[in-house]
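Read off the chains here:
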Amino acid sequence: MSEVLSLNALIEVSYFVTAVLFILGLKRMSSPVTARSGILWAGAGMLVATAVTFAYPGMSNYEWIIPAILIGGGFAWWRGKRVAVTDMPQMIALYNGMGGGAAAAIAAVELYRGEMQGYASSTLAVVGGIIGAVSFSGSAIAFGKLQGLIKRSVRFSGQQVLNLLLLAAALVLGGMVAFHFNASPAIVTAFFVLALILGLTMTLPIGGADMPVVISLYNALTGLAVGLEGFVLNNAAMIIAGTVVGSAGTLLTQLMAKAMNRSLGNVLFSGFGDTGAAATGTVTGSLKPIEPSDAGVMMAFAQKVIVVPGYGMAVAQAQHKIWELCQLLIDRGVTVKFAIHPVAGRMPGHMNVLLAEAGVPYDLISDLDEINAEFETADVALIIGANDVVNPVARTDKSSPIYGMPILNADKAKNVIVIKRGQGAGFSGIENGLFYLDNTRMLYGDAQKVGSELIQAIKAVG
Amino acid sequence: MTGMVALYIFMLAAFTGYEVISRVPVILHTPLMSGSNFVHGIVLVGAMVALGSAHTTLEKVIGFIGVLLAAGNAVGGYVVTERMLEMFKSSGSRQTGARSGGKRAH
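One line per chain: the protein sequences are A and Z, in this order. Position 49 of the first sequence, counting from 1, maps to 49 under our numbering, and the rest follow consecutively. Position 67 of the second sequence, counting from 1, maps to 67 under our numbering, and the rest follow consecutively.
No lab work stands behind these hints: they were computed from the structure. Heads up, the beta-carbon is just placed ideally off N, CA and C, and yes, glycines get one too. Wrong hints could be hidden among the right ones.
Said to hold, decoys possible - Heads up, simulated DMTMM-like pairs for lysine to aspartate or glutamate below, C-alpha to C-alpha not over 25 Å straight-line:
1) A:414 / A:370
2) A:27 / Z:19
3) Z:60 / A:115
4) A:414 / A:369
5) A:258 / A:87
6) A:288 / A:397
7) A:337 / A:369
8) A:449 / A:379
9) A:337 / A:374
10) A:27 / Z:82
11) A:304 / A:376
12) A:288 / A:411
13) A:81 / Z:82
14) A:258 / A:370
15) A:337 / A:294
16) Z:60 / A:63
17) A:412 / A:376
18) A:449 / A:291
19) A:449 / A:294
20) A:459 / A:331
21) A:337 / Z:86
22) A:337 / A:324
23) A:258 / Z:19
24) A:81 / Z:86
25) A:27 / Z:86
Said to hold, decoys possible - Derived DEER-like restraints, expressed as beta-carbon distance ranges:
26) A:327 / Z:4: 57 to 63 Å
27) Z:23 / A:459: 40 to 46 Å
28) A:87 / Z:58: 32 to 38 Å
29) A:176 / Z:60: 23 to 29 Å
30) A:12 / Z:23: 29 to 35 Å
31) A:82 / Z:15: 37 to 43 Å
32) A:317 / Z:2: 54 to 60 Å
33) A:444 / Z:15: 48 to 54 Å
34) A:327 / Z:8: 52 to 58 Å
35) A:158 / Z:8: 40 to 46 Å
36) Z:8 / A:172: 29 to 35 Å
37) A:158 / Z:58: 32 to 38 Å
38) A:70 / Z:58: 20 to 26 Å
39) A:149 / Z:4: 43 to 49 Å
Using the sequences plus the hints, can you model the full thing?
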C-alpha cells in the first residue's frame, strides 16, 4: 500500500515538474534569444510526463499503448523532419488536429464506459469531446486547404443556420449523454459524429487567406479540450498545460486577427478569405517595367534599401538568392533592412522563419511598427512577391475590402522596385495602387531568376 | 482534487497563458503557435491512461486511436518547433550559418 502511495506521489510530482517546464519553456520561446532552449525545456517536460505515466496505477494494455505511440510518433517524426519550411503551417494544423482528436478519444472512452463520478465530470467530458472533435475535423480541412488538396471553398445559403442546427443537435445529444450516465452507446456515437460534421461545415466555407487565424483558433480550442479532459481524468499536468495553451492560443488568435484587421467573427462567418471578384478600384497610371541591370545599379548606389518579402518569394524559393543579393549590398556599405508585415507568408511570423532559414540574421528584420517611419529615408524599397500588404488603397479607399488593414508604407520610399511573376492581382484580387505610382518600376519574372540577374548586375558594377 | 481547487487551477493557468504570450514580438508568433501546439501534446498522458484502463474492445480501439493521435501531436509538434527555432540567429553568427540551413547548435 505504501509503495503504491509513494509511486503516486512520484507521478504527481513529475506532473508538477512537467507543468513548470512547460510554462518556463513557453516563456523562453517568447524571446528570440532564448527561444531555442524553450522547446528543449518543454520537450524534457513531455518526456518526464510520458515516462512516469507508464507506471500509472492500474495501467494495462501495454501491448496496445506502445505500438500506438511508435506508429503515431514515428509518422509525425518522419513527416516533421521532411516538411519544407513553406509547408510548416499546414503541418501545425495537422498535428493540432491530432491533439484535438486525442482529446475527443479520451472523452469517447470515458463516455462509452459511463462510469464517471458526478455530473460535473460527464459534462466536462462532453464539452471537451465536442471541442476536440470540432478541432480534429476542422484542422483536417485547414490542412487540406493549405496543402492544396481542397481547392474550393464550399458555400451555400443557409450555411450558418445549418451550423447552428448541428451545434444545437450535438448539444442536445451531449446533454443526454452527460446527465444520463448510462446513455446508450448509439447516442454517444451520434454525438461524436455530429461534432465531427460540425467541424467540417464550419471550416469548409473559410477561405485560404484566413486559415492561419483558423488554425490558431483550433490550436486554442484543442488546448481547452485537453484541459477539460484533464479535469475528467483528474490530471493536473493536462489541466495546466491545456488551459495555458487555451488562453495563450486565444490571445495569439486575437493578435493575428488584429494584424489582418479582421474580427474573429468576421473570419468565421463572412467567407471573405478568397473572394475572386473584388472591387476594381480607382487605380490610375501605368505599369513601368525596368531591366534587372538598371535595378541592380539603382540598388548598388543606394544608401538604404528596405526589402519587403511576401509569400511569392517563398513560393519561388528565392529567399537564399535574395539574401545573397543583400549581402553583396551590405558589403558595398548599403544599409539593408527587411520589413515584415504581420501577415506576410501564411501565418504571422512565418516570413521570419523563412528568412531565418536562408540565414538572414533576425536583427536585420523589422516589423511594421518599427520600420514604417523609415521608408521615407529609404532610397529603394524592393518588393518581392508581396502585394496586398503594400497596397496604399488600404489607407485611402474606403470601398476596398482591405481598407483599414495596416500596410507597409513602401510607397513613401524614393524608389520602389517590384519583383513580380506576372501582372495578376494579389491574394485578395484587389488592384494595387503602388504598382502604378510614378516612382515604381516593375521587374517581371520568377523571383529566384530575377535575384540571380540582380546579383550579376551588382557584381558588374564592381 | 476538489471542484473549487480545480477551478482555481483553471483560472491561474488561464492568466499564466495570457501573461506568458502577451509581450511576444510578431517574429515569434508562428514558432510560438507551434510550441503551444506541442505543449497540448500532453494529451498523450491522458490518452495513455484512458487506453491503459480500457476493458472492452471498443474502448481499446478508441483508446488506441487516441494514443496514436496524441503521440503524433507531441512528436510532430516538437520536431517542427525545434526546426523553426533552430533557424533563428543574430548577425554575430552569420558567417558560419549563412547557407547551411541552420544546422549549427548554439
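Hint by hint, here is what the structure shows:
| no. | hint | result |
| --- | --- | --- |
| 1 | A:414 / A:370 | 19 Å, holds |
| 2 | A:27 / Z:19 | 9 Å, holds |
| 3 | Z:60 / A:115 | 16 Å, holds |
| 4 | A:414 / A:369 | 20 Å, holds |
| 5 | A:258 / A:87 | 23 Å, holds |
| 6 | A:288 / A:397 | 23 Å, holds |
| 7 | A:337 / A:369 | 14 Å, holds |
| 8 | A:449 / A:379 | 23 Å, holds |
| 9 | A:337 / A:374 | 10 Å, holds |
| 10 | A:27 / Z:82 | 15 Å, holds |
| 11 | A:304 / A:376 | 10 Å, holds |
| 12 | A:288 / A:411 | 15 Å, holds |
| 13 | A:81 / Z:82 | 10 Å, holds |
| 14 | A:258 / A:370 | 17 Å, holds |
| 15 | A:337 / A:294 | 21 Å, holds |
| 16 | Z:60 / A:63 | 11 Å, holds |
| 17 | A:412 / A:376 | 5 Å, holds |
| 18 | A:449 / A:291 | 13 Å, holds |
| 19 | A:449 / A:294 | 16 Å, holds |
| 20 | A:459 / A:331 | 11 Å, holds |
| 21 | A:337 / Z:86 | 22 Å, holds |
| 22 | A:337 / A:324 | 14 Å, holds |
| 23 | A:258 / Z:19 | 18 Å, holds |
| 24 | A:81 / Z:86 | 13 Å, holds |
| 25 | A:27 / Z:86 | 17 Å, holds |
| 26 | A:327 / Z:4: 57 to 63 Å | 60 Å, holds |
| 27 | Z:23 / A:459: 40 to 46 Å | 43 Å, holds |
| 28 | A:87 / Z:58: 32 to 38 Å | 36 Å, holds |
| 29 | A:176 / Z:60: 23 to 29 Å | 25 Å, holds |
| 30 | A:12 / Z:23: 29 to 35 Å | 32 Å, holds |
| 31 | A:82 / Z:15: 37 to 43 Å | 38 Å, holds |
| 32 | A:317 / Z:2: 54 to 60 Å | 56 Å, holds |
| 33 | A:444 / Z:15: 48 to 54 Å | 52 Å, holds |
| 34 | A:327 / Z:8: 52 to 58 Å | 54 Å, holds |
| 35 | A:158 / Z:8: 40 to 46 Å | 43 Å, holds |
| 36 | Z:8 / A:172: 29 to 35 Å | 31 Å, holds |
| 37 | A:158 / Z:58: 32 to 38 Å | 36 Å, holds |
| 38 | A:70 / Z:58: 20 to 26 Å | 23 Å, holds |
| 39 | A:149 / Z:4: 43 to 49 Å | 47 Å, holds |
Hint compliance for this structure: every hint is met.
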